[in-house]
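Chemist: Counting from 1, one number per residue, gives the positions in the sequence shown under my numbering.
The set of hints was computed from the structure by calculation and includes no laboratory data. Take the hints with a grain of salt, since some may be wrong.
Unchecked claim - Computed list of lysine-lysine pairs in BS3-like fashion (alpha-carbon distance at most 27 Å, straight line):
(1) Lys154 x Lys41
(2) Lys81 x Lys154
(3) Lys154 x Lys60
(4) Lys29 x Lys154
(5) Lys118 x Lys30
(6) Lys99 x Lys148
(7) Lys60 x Lys148
(8) Lys81 x Lys148
(9) Lys118 x Lys29
(10) Lys30 x Lys148
(11) Lys86 x Lys148
(12) Lys41 x Lys118
(13) Lys41 x Lys148
(14) Lys86 x Lys99
(15) Lys99 x Lys122
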Amino acid sequence: MKKWLLVSLCFVFSTTVFAHGDAKELDLKKFAQTYFDTMVKTQLPGTTPEALEDYLALLKDDIGHSHLPYVTDDSRQPDGKQAMRKGMTFYMGAHTEYKAELLNVFVFNHSAIAIRYKNSVKGIHPQNNQEIAYSQVMMEVLEIEDGKVAVIRKYHE
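Put together the whole structure using the sequences plus the hints.
Modeler: Below, the structure is given as structure tokens:
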């Protein structure tokens with residue numbers, strides 16, 4: 001009798017844990033919108049280090065990142081987030097104008113999102129002090145792991 005009681009309690013406990021695990025499953029469509037909104041804030045004129053940290057909080061520490069054709073290696077590195085912080089800090093505040101519109105969100109299983117958006121940019125490049133101005137359609141494919149972005153792949157249309 002004690003064995004049956006123990007087995008029953010284990011079953012109830014395990015199904016309760018499993019049910020709670022499903023309830024906490026990440027809503028990838030909502031996450032995509034949060035990611036987009038947070039990323040856009042890092043590109044606005046007058047952005048802040050806090051906006052950058054809000055964005056980085058969505059990423060795994062060992063994030064992999066490619067931005068073709070500029071960065072082609074999307075290998076995950078132990079210091080991936082730190083490298084992104086350094087790179088994004090260098091370009092922070094370079095834009096005098098930035099507009100972005102989310103065009104599409106695609107969700108794949110529970111492990112990936114693709115966001116497609118159009119952005120228009122004006123500013124001064126921090127490396128050569130040349131004016132920049134462009135509009136483009138971008139797609140970012142985000143691989144999700146443990147509720148955070150593990151790999152980012154950026155493509156231009």
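Chemist: Hint by hint, note whether the structure agrees.
Modeler: Consistency of the hints with the structure:
| no. | hint | result |
| --- | --- | --- |
| 1 | Lys154 x Lys41 | 18 Å, holds |
| 2 | Lys81 x Lys154 | 16 Å, holds |
| 3 | Lys154 x Lys60 | 17 Å, holds |
| 4 | Lys29 x Lys154 | 18 Å, holds |
| 5 | Lys118 x Lys30 | 19 Å, holds |
| 6 | Lys99 x Lys148 | 25 Å, holds |
| 7 | Lys60 x Lys148 | 6 Å, holds |
| 8 | Lys81 x Lys148 | 12 Å, holds |
| 9 | Lys118 x Lys29 | 18 Å, holds |
| 10 | Lys30 x Lys148 | 13 Å, holds |
| 11 | Lys86 x Lys148 | 20 Å, holds |
| 12 | Lys41 x Lys118 | 15 Å, holds |
| 13 | Lys41 x Lys148 | 18 Å, holds |
| 14 | Lys86 x Lys99 | 23 Å, holds |
| 15 | Lys99 x Lys122 | 9 Å, holds |
Checked against the numbered hints above, the structure breaks none of them.
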